[in-house]
Amino acid sequence: MSERIGLFADLHSNLEAFEACISRAEELGVTRMVFLGDLVGYNADPAALIERIADLVHSKKAIAILGNHDEAVFKDCRNQMNASANTAIEWTKTQLSDSHVQFLKNLPLIVQEENICFVHASAHNPSDWNYVTDSMSAWRCAQHSGKSYTFVGHAHEQALFYQSAVGKLIRFAPHPGDEIPVLPHRQWVGVVGSLGQPRDGNPEACFAVFEPAAEALTFHRAPYDHFAAADKVRRAGLPEDLANRLITGK
Amino acid sequence: MPINSDIQAVDDIFQEGKVVDGFVIGKEVHRGGMASLFSATKEGVDVPILLKIPRVGRDQPVESLIGFETELTILRALKSHYVPKFLGAGNMATRPYIAMERVEGRPLEDLIKEGKVFTIDEVVRIGADLAQAVQSLHAQDAIHLDIKPENILIDEKGKLTLIDFGLSHHARYPDLLAEEMRKGVGSAPYISPEQVAGIRSDSRSDIYSIGVIMYELLTGELPFGNPQTMTGLRRRMWAEPFPPRAIRREIPRWLQEVVLRCLEPRAADRYQSATRLRQVLRDPEGVTLTERADRIEPPSFWENLKGLFKAVGYEPSPSPRPSMGNYDAPLMIAAIDTRQSDEDLRERMQRTAKNLLQAYPESRLVCISTIASTPTYEGKHESETASGIVRGHLVQLMEWAKPLKLPPERISYHVLEAMDPATRIVEFAKDNDASLILIGASHKLPNKVTPWRTSMTKIVEEAPCSVHIVRT
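Those protein sequences? They're chains A and B, same order as listed.
If you count the first sequence from 1, position 85 lands on 85 in this note's numbering, and the numbers rise without skipping.
If you count the second sequence from 1, position 447 lands on 447 in this note's numbering, and the numbers rise without skipping.
If you're looking for bench data, these hints aren't it; they were derived computationally from the structure.
The beta-carbon is built from N, C-alpha and C at its ideal position, and this holds for glycine as well.
Mixed in with the good hints there might be a few duds.
[To be verified] To give an idea of the interface, some chain A residues facing chain B are shown, with a C-beta separation under 10 Å as derived from the structure:
hint, residue
1, L160
2, F161
3, I180
4, P181
5, V182
6, G201
7, N202
8, R221
9, F227
10, A230
11, E240
12, N244
13, I247
14, K250
Kindly generate the complete structure, drawing on both the sequences and the hints.
What follows is the structure, encoded as structure tokens:
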């Protein structure tokens with residue numbers, strides 16, 4: 001069977017969303033998973049989420065990339081994040097064992113394969129956590145990756161940047177479930193959207209599936225019990241606002 | 001853009017008798033500038049098959065490849081009675097082809113070239129059928145953008161098929177031709193003024209092209225000729241076409257009205273949906289006649305000059321999403337008072353909303369609530385900041401709507417900031433072209449929230465649509 005890559009980003013300790021997306025991805029016949037960073041932060045299940053992902057990575061079913069929230073667990077990044085995010089990181093630290101933290105420390109910043117690049121924020125200076133949100137940032141990202149396909153997270157909204165006839169990268173807002181032909185003679189930058197904290201007004205979790213042989217990319221939205229996930233956030237004593245974000249998807 | 005050099009070998013792959021992905025290649029039936037067409041067969045496929053192979057190679061324009069990629073994307077996504085069925089495709093880098101149903105029929109272009117004179121009834125029928133075919137695309141968020149007689153097949157029974165989607169636009173897929181340097185891509189006589197200006201997202205462009213075709217079939221002439229220069233192409237942005245009735249007197253006034261309305265330079269002045277165009281062609285009684293119907297003289301020098309001045313500031317009208325041309329998708333507003341806590345009323349409103357939504361499967365629900373105003377300062381806690389307060393209200397709206405179990409595309413939530421809720425709600429209904437406002441009236445309302453009740457009177461009086469008051 002040809003390869004089918006499940007792409008998941010900005011999971012942010014949201015176990016309910018994670019399980020919904022993984023089972024949906026398995027139904028879709030995903031053969032390999034890539035976790036594009038920000039495994040932790042914001043929500044209530046950092047330890048459980050790291051353990052699931054570590055298992056998948058150790059059994060060679062997945063690779064995982066470092067995100068800025070993961071880095072914040074072992075490095076002081078307070079001045080780069082807002083108050084709720086910092087509160088959540090401080091709380092996350094209390095929930096993690098040394099081995100959890102070690103797993104995060106060992107994550108690579110960027111992974112380059114033959115024709116694909118995986119990175120959390122942008123292939124342009126990955127450790128600076130640049131957002132890919134517009135034509136220019138997407139172009140820089142594609143230039144530095146040099147691959148036909150670059151998949152990123154960090155920006156929480158799903159988007160596909162494609163190289164137009166004039167070379168410029170144009171933003172496209174994908175429609176969930178539509179299989180988009182992505183032919184390799186162009187450069188593409190896919191922002192797969194946030195699994196654990198969607199912000200486009202739709203609470204459903206984001207992920208994407210890429211089929212290299214079929215040259216097709218499909219963005220997905222998976223409904224999950226976001227009220228339960230929000231409840232956990234409240235009960236953990238995390239800022240109320242973080243619970244509300246899960247319910248509203250904003 | 002690097003293009004794989006393997007592509008040079010394409011001519012060797014596609015030869016009569018060879019087999020590609022199970023397709024047994026037959027005769028070459030057509031060789032055009034952009035593509036070659038072969039007949040084919042495949043086990044298990046019981047319709048005649050056509051393979052379209054792009055002409056690629058060193059001396060070919062890059063457009064033929066982009067056009068191929070575009071057609072592959074869009075044809076694969078379309079399901080329409082008026083479009084050939086997509087049957088498969090080959091890898092673009094090594095053996096590019098699109099396999100599709102080989103549809104019976106001859107291009108309308110051939111009939112025109114043979115000098116066929118179309119009766120008024122024939123033109124009306126072709127126009128109405130074209131509108132219906134185009135509507136089937138628009139309903140799926142696709143726009144053809146290259147509707148011309150060459151791309152319309154007509155079979156013996158008169159059934160139409162639209163072909164060639166190499167220049168089309170589909171709102172759900174990246175537009176590979178967007179921001180292309182060359183403006184006005186398409187066939188000069190048939191493209192709309194906004195296409196000349198480089199806009200590829202207006203479904204009303206197809207309505208313009210149908211107008212050109214009807215004009216041509218009625219009069220034997222093209223409304224703006226076949227210009228070869230940008231200046232010539234731009235003429236349609238300001239000039240009035242010669243009235244069809246000045247060329248052929250038997251054309252009924254209503255039909256001239258319809259054709260000239262399709263040819264309006266501003267998309268907002270044309271029929272706004274292909275459905276509407278089909279309706280007026282099927283039911284001429286419904287056509288409102290304007291001065292367009294009465295024109296019999298060619299436009300005067302002065303009128304054209306006026307038009308030219310208007311065109312200096314030609315601004316294409318904003319393009320609505322293609323599928324929005326449909327009127328059968330009502331928008332309902334549920335005005336929810338987040339302050340009141342009457343459980344009976346809440347349940348009854350939810351039930352009413354559910355029933356209404358079931359009655360109109362295409363409908364959408366917008367849940368709104370109003371708040372007085374948000375603080376401009378940034379509070380210490382999230383819940384005190386503007387975004388925190390709004391989000392708090394949104395959460396309540398979402399909890400309210402949770403039992404309706406609507407998919408996200410059918411529901412949205414808005415917290416409106418307003419000192420006078422009634423006025424704001426009415427305004428919101430107007431702006432969004434709502435069909436219905438659903439509002440609850442509780443008899444258990446405590447006195448101190450009576451403003452909501454006076455609001456209701458105002459809403460009932462001023463709403464631009466029906467108001468449904470739910471009582472307990």
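Going through the hints against the structure:
| no. | hint | verdict |
| --- | --- | --- |
| 1 | L160 | holds, 6 Å |
| 2 | F161 | holds, 9 Å |
| 3 | I180 | holds, 6 Å |
| 4 | P181 | holds, 5 Å |
| 5 | V182 | holds, 9 Å |
| 6 | G201 | holds, 7 Å |
| 7 | N202 | holds, 5 Å |
| 8 | R221 | holds, 8 Å |
| 9 | F227 | holds, 8 Å |
| 10 | A230 | holds, 9 Å |
| 11 | E240 | holds, 6 Å |
| 12 | N244 | holds, 5 Å |
| 13 | I247 | holds, 5 Å |
| 14 | K250 | holds, 6 Å |
When the structure is compared with the earlier hints, no violation turns up for any of them.
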